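Here the protein sequences line up with chains R and V, keeping their order. Using my numbering, you'd call the opening residue of the first sequence number 1 and step up by one each time. Using my numbering, you'd call the opening residue of the second sequence number 1 and step up by one each time.
A portion of the hints provided could be inaccurate.
To be verified - Restraint ranges, calculated between C-beta atoms of paired labels, are given here:
# : chain 1 : residue 1 : chain 2 : residue 2 : range
1 : V       : R176      : R       : T122      : 49 to 59 Å
2 : R       : S540      : V       : A137      : 32 to 42 Å
3 : V       : R176      : R       : Y409      : 32 to 42 Å
4 : R       : T451      : V       : A197      : 41 to 51 Å
Everything labelled a hint here was simulated from the structure, so no lab data went into it. Source: prediction; values computed, not measured. Glycine included, C-beta positions come from ideal geometry on N, C-alpha and C.
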Amino acid sequence: MRGALVAILSIVLGATSPAAQPASTGVIAPPLSPRNASYTIAARLDPSTHTISASETLVWRNTSKTEATELRFHLYWNAWRNNRSTYMRESGLRGTVRPDADAENTSEADRSRIDVTSIRLTAPFAADLTAAQHFIAPDDDNESDRTVMAVPLPRPIGVGESATIEITWNAHVPRAIDRTGVVGNFYFIAQWFPKIGVLQDAGWNCHQFHASTEFFADYGSYDVSLTVPRGWIVGATGVERDRHDASGNTTVHRYYQDDVHDFAWTTSPDYVERVERFEHPTLPPVTMRLLLQPEHAVQAARHFAATRATLQYYGEWYGAYPYGHLTIVDPAYHSGADGMEYPTLFTAGTRWLAPGGVVTPEDLTVHEAGHQWWYGMVGSNEFEDAWLDEGFNQFSTARAVAAAYAPHYYSRRYFGGFIPYVFGDIVLSREVDDNGWSAYTAVATRDEPSTASYKYFPTSAGGITYAKTALWLNTMERWLGWPLLQRIMSTYFARWRFDHPAPRDFFDTVTAVAGRDLGWFFDQVYRSSNAFDYGIDDLSSVEDGDERRTTVVVRRYGEAIFPIDVRVTFANGEQVTEQWDGRDRWKAYVYTRAAAAESAEADPGRVLLLDVNRTNNSRSLAPRTRQASTKWSTIWLVWLEDCVLSWASLA
Amino acid sequence: MGIVGVTFLDGVRRVNRAPAILVGVWLSTCAVTLPLALAMRAMIVEHLGSSLAADAAANGVNYEWMQEFADQATGVGVTFKPTIIGFAAVLDNLSAFMDNTSRPIVIVCAGSVYIALWIFLAGGIIDRYARDRTLHAHGFFAACGVFFFRFLRLAVVQWLVYAFLFGVMHRWLFDRLYVRMTRDVTVERTAFFARVALYLVFGILVAGCNLVFDYAKVRAVVEDRRSMLGAVNAALHFIQRNYAAAVAVYALDFAAFLAVIAAYAMVAPSAGGAGAMVWAAFTIGQLYVLARLWVKLLFWSSETTLFQHRLAHAGYVARPEPTWPDSPAAEGIS
């Protein structure tokens with residue numbers, strides 16, 4: 001009895017105690033991935049100088065069908081070494097960095113760099129490669145870019161052969177930029193170590209760091225020891241296996257994880273730590289560790305609930321989360337680290353004032369947790385096919401948020417972005433708002449998704465990568481039905497988890513599971529930047545003897561093609577629905593009925609979510625335009641009166 | 001009751017005894033804004049056409065259509081966003097004022113016309129409150145005409161001062177000092193309080209200038225001053241000698257402004273449905289505008305009252321009451 005009581009108490013306390021430790025070890029057997037790029041890293045953070053000194057041993061196996069005559073490494077932190085890197089040049093196109101910002105705004109202390117001080121091969125043969133290292137720019141020949149390091153080998157590493165590489169390096173932590181860096185005593189350290197590219201049959205896939213795309217790497221095991229100031233809390237990919245104090249008032253934290261393709265970590269003395277468990281009848285349990293900013297402590301339950309919803313819905317829809325633990329990081333204010341995914345760890349992001357009914361922090365939490373599936377487990381190439389993870393995940397996030405948080409409302413922040421106001425009148429919809437319809441329509445024709453993602457124009461990348469993909473997946477769901485789309489996506493997930501699928505792998509899965517070739521659809525949404533725009537061009541209902549002759553003209557205004565329904569509603573309540581293949585520029589339907597027509601709608605069921613202009617999709621013979629325009633212009637009038645009155649206070 | 005309370009209440013009484021002025025400035029507000037509202041209505045009509053989207057827009061908020069409209073709009077159309085609805089409109093404008101957010105040029109032009117109108121009306125309004133007796137239209141507009149060009153000169157000084165405040169000081173406070181203050185702040189609450197502190201600093205600077213220019217107008221009218229620089233100087237002297245009372249009266253007036261905002265926050269209508277609800281919401285909105293105008297008039301009337309209590313006597317105005325057709329304005333019209 002006493003033992004049972006102790007067990008119950010330990011479960012209850014363990015569920016909420018800050019001291020509770022994850023039960024899993026980071027070890028996964030049998031292996032889920034090829035584990036052909038495994039790292040053992042020892043890194044020391046010096047907060048007084050914002051520097052990291054580190055060494056790594058990389059065991060890399062050539063899984064391609066080609067010999068490796070050189071090795072290529074990502075040195076991402078050199079993107080912020082100066083304003084001449086490809087990343088910074090592209091940021092200038094996006095408008096986030098001014099051309100003259102180099103001299104004016106950024107001090108040397110704010111910049112980052114990563115310098116490899118030695119690189120040696122110890123197997124299959126010994127060679128000091130330090131002097132051979134040099135920088136290349138395979139994407140744009142930018143000689144100032146130092147984000148890809150090439151190291152020629154004295155002799156090739158053969159197919160299937162393994163190599164052991166020892167690297168030492170020093171790095172300067174940037175002031176927080178693009179999910180990495182330091183602000184105050186908050187550190188978020190990502191893309192921070194010399195990371196080998198992916199050798200494919202066609203050669204190295206090792207892109208420079210670009211402003212609007214993310215990353216790509218092989219799977220492996222990570223054994224990382226981090227030395228940080230004593231008393232600081234550490235969160236990292238994997239599970240903490242060991243912690244011991246070291247000289248210089250520091251503590252060494254050792255983290256381990258199998259079957260992941262990246263390692264990120266964070267440290268700060270300010271984190272509030274909470275631990276809870278996810279339990280599900282058919283899915284494996286997951287220990288959720290939450291590192292919160294103190295001012296967000298009251299939002300712990302919201303973070304856990306959103307993570308739980310993700311583990312449940314994504315697990316049920318696509319497949320189980322296998323790691324047994326997941327770390328949620330709530331980053332410090334204006335650290336820029338919010339909303340980013342790493343294996344078994346992600347950063348959420350919330351605000352001090354986060355009213356109910358608005359899905360902050362839930363939406364971001366679900367999205368980043370969801371990346372454990374689309375990015376973490378299905379390791380597609382984010383440089384080239386960002387839509388395969390971001391778009392799939394945007395679609396999944398919208399679906400999960402709709403299931404878990406309906407209704408949720410539009411909100412806006414005032415006074416420097418601090419004061420939120422919730423619009424109880426405006427319930428956000430999954431189909432339009434959460435998929436990002438407005439973001440898509442703004443850039444609908446600017447880039448073809450089949451273009452390598454890093455070549456998208458920086459300002460259109462988001463609308464194409466995230467929103468367009470979510471919208472066409474949701475269109476597929478409404479067109480084919482969720483059961484079929486769910487089978488497609490779960491099959492794709494099962495086939496390609498812990499691997500590197502390309503777009504054709506998804507399209508092949510669709511064809512196989514759906515049992516039909518949907519290539520024409522992907523021609524429209526993937527291989528083209530054409531916009532969808534169907535509308536009712538004309539509706540008339542005139543006397544024809546004792547009856548009324550109704551004419552409906554439906555038109556394809558856009559270049560893209562999709563079959564749509566056309567529905568005509570008559571005054572007696574009768575409805576006629578036609579199916580139009582949508583290929584011609586227009587189609588006319590003529591009806592002779594006793595009743596006059598009331599209205600006509602193109603795509604009344606709202607199947608085609610990519611339609612860039614919905615207002616022209618319907619036409620009524622008794623429109624309420626006058627009422628609507630009067631109402632909204634009077635509302636706007638009060639706003640305008642208040643606006644000019646504010647200025648007149650100075651008169 | 002002290003001088004401050006007496007002055008405030010006397011100010012309230014003087015505004016309430018001249019309802020024609022309140023109605024007049026409300027009509028003036030409508031005259032400036034209504035044409036733009038009609039233009040907005042025409043844009044909405046054109047965009048909706050005979051679409052069924054109008055049904056949803058008439059019955060509630062058709063947010064999808066609103067986004068589509070705003071995305072495709074130009075000019076004033078780009079301001080057609082959810083933030084125009086109910087109390088959000090007030091938050092939006094106050095926030096834009098404190099954050100110095102730019103508005104489309106058409107809105108700026110409308111605002112400029114509106115300010116010019118107030119410059120014209122200021123002389124008549126303050127003269128009416130100073131005399132505290134009915135002047136009829138000819139007397140009112142005569143005073144407007146007398147002081148228009150004087151206040152236009154004062155407006156140049158005002159413009160320079162406010163341009164400095166919003167163009168230089170605001171940028172320094174919020175784009176430089178605030179950024180520097182919060183550079184290493186990792187707690188949002190701390191950053192928020194830093195911003196509130198800067199809002200207070202900026203607000204006090206604006207209010208201080210406003211106070212000086214208000215008393216400059218009051219002294220110009222009551223003492224029939226022609227030199228506006230002299231009026232500003234006289235206003236500074238008056239405020240210096242009556243610092244506590246002037247600030248207290250201004251604070252009471254500002255409290256009245258906050259009370260109006262708070263009251264509207266409680267009753268502000270949502271987008272609502274169609275039919276009578278539209279006009280009910282519009283009526284509430286116009287009552288709010290009337291209340292805001294009433295508070296604006298209260299500032300001038302209470303400041304006029306305080307000045308007369310301290311340096312003159314109630315109802316004293318140096319300039320003789322104009323009689324038709326002696327009014328320069330009337331001559332100007334003819």
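**Message:** I'd like to know which numbered hints this structure contradicts. Please list them from smallest to largest.
**Reply:** Going through the list in order, the structure violates hint 2 alone and respects the others.
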